[in-house]
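Novice: Listed here are the chains, written in short residue letters.
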Amino acid sequence: MRTALAIARKELSLYFTTPWAYVVFTAMVALSSFFFAALLETFQQVQQMARETTWAQMPPEYDSYRNLTEGVAVQLWGTVIIITLFVAPFLSMRLFAEEKRNKTFELLMTAPVRPIELVVGKYLGGLGIITATLALTLLFPALLSFFGRAETGTALEWSTVLVGFVGVLLWGATCMAVGLFISALTESQMLAALLTFAVLLPWMLLTSVAQASEEPVRSVLTYLSFDSQLQHLLKGVLDVQSFVFFASVIAFSLLLTHRAVEVQRQA
Amino acid sequence: MPMIEVQHLTRRYRDRVAIEDLSFDVAEGELLGFLGPNGAGKSTTMKILTGFLPPSEGVVKVGGFDVTTHPLEVKRRIGYLPETPPLYPEMTVRGYLRFVASLKRLPSRGLDTEVERVASLTGVTHVLGRLIQNLSKGYKQRTGIAQALLGAPPVLILDEPTEGLDPAQRAEVRALIKGLAGKHTVILSTHILPEVTMTCERVLILNQGRIAAHDDLGKLAGLHGPSESASLEEVFIKLTAA
Ligand SMILES: Nc1ncnc2c1ncn2[C@@H]1O[C@H](COP(=O)(O)OP(=O)(O)OP(=O)(O)O)[C@@H](O)[C@H]1O
Ligand SMILES: [Mg+2]
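Chains as they are written, first to last, in this note's numbering: chain C, 1 to 267; chain E, 1001 to 1242.
Just so you know, nobody snuck in bad clues.
Within a straight-line C-alpha distance of at most 27 Å, the following computed DSS-like cross-link-like pairs (lysine-lysine) qualify: (1) C:K103 <-> E:K1104; (2) C:K100 <-> E:K1140; (3) E:K1178 <-> E:K1104; (4) E:K1137 <-> C:K100; (5) E:K1140 <-> C:K103.
Quick caveat, the hints were computed from the structure, so don't treat them as lab data.
Keep in mind that this is a model prediction, so the values were computed, not measured.
Let the sequences and hints guide you as you build the complete structure.
Specialist: This is how it looks when you write it as structure tokens:
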């Protein structure tokens, strides 16, 4: 395992020595501040309406706008999930593809390192960088709790927000696992990013397909779609079932990566 | 027991046969020169010896361990310089050597001393702090050699180690390799024939994936040349002309 950690450490330090990580960080922060601002504005408009009338007279779907936690933070996680879908492929693409292009794959495969250690090391490195990227978005709830005011208690329910963030991390971890596998299939980083995106995007659209279809297909598709799996976590409810779901997807991707690394040598 | 045993080794890339039915042994402490025209199969053979490529047929043993069944035991015993030195351009030479040392599971105590040792052997001490992408080709090559020497593995497999070096560096690396003989078992490939004459005791000439000759340098010249003093070049051209 010491070797896996050495690989993870090298992976992380390479991310931070190339400008790429900073481009991704900037994109993450820029996109989520854009959505954050939009969410805040809606929140204020609804609050304004509520002040002119009363909450009882407002349509029930506006209920979530009664506090910052549900009105802004929970919804922000929803958009961060979508941004992650676009950003994660650009972080995962280099994991194996770059080693092959550099010919350093040969170094890794002729060192006394088990393929499993290589895969785990690479994945840990990927987890590190996606965690750093996503952690930047904690800035927004921090701003809310610093500047916001609530009718009762603290401005923000941190427990809800943090469980939601765990959901976001879980999703990021899943994207990286899928991306790692695809990166192990090709020498081209761009192709790896595109393919990862091509796998993740339909997954996002699964919910709408589910809604349009009949039972029992509908429940199966709903179960498989990641946003229905994330629903509870994002709202701050710890949901063991979705942990199991994403952990299985991650484990399966890592197994496939292991297989791909073994098979690649034969080519 | 020979350090490296190769029996009936065949490797195909899809339907193209790269090497066919190779069998040879390398004794412990021997320095074997691997020769052959472009595409003869030298790099392919080396990739199989180091466990990077699986053989299509045949058996390879290093230190008594089969590459296919005990890959880790074999990899632990080999220092390998591939055809293209496997470098991370964004790393410093020191950072890179430390990383390779941890891949080779060298104990973290004494790791810096070991990095310094291989750096001074290959003459990269004064560039240890520089980024690999800014090094000249020759220094990249030296860094590649330094990486192979880390941990003083009993077997060294060097694919064209003097490629890209200037004449002075070439002579230095040659002397370095010559100094390794006896302590290490070395297989080195090259296109520069005088280099083999200067460093190796034995040569193996590959041609179109088959062994054209495998003998002591002296005997080879005597056997194939017009006279006792036939140069290796004449032998090479004669054997690979077919
Ligand atoms: N990945 C590959 N896919 C298909 N064929 C390959 C591959 N690698 C090598 N070959 C073929 O195998 C044969 C042997 O190649 P190899 O690289 O082992 O030769 P070499 O002796 O090292 O040549 P050189 O002196 O040019 O380095 C060549 O015909 C080459 O085209
Ligand atoms: Mg070659």
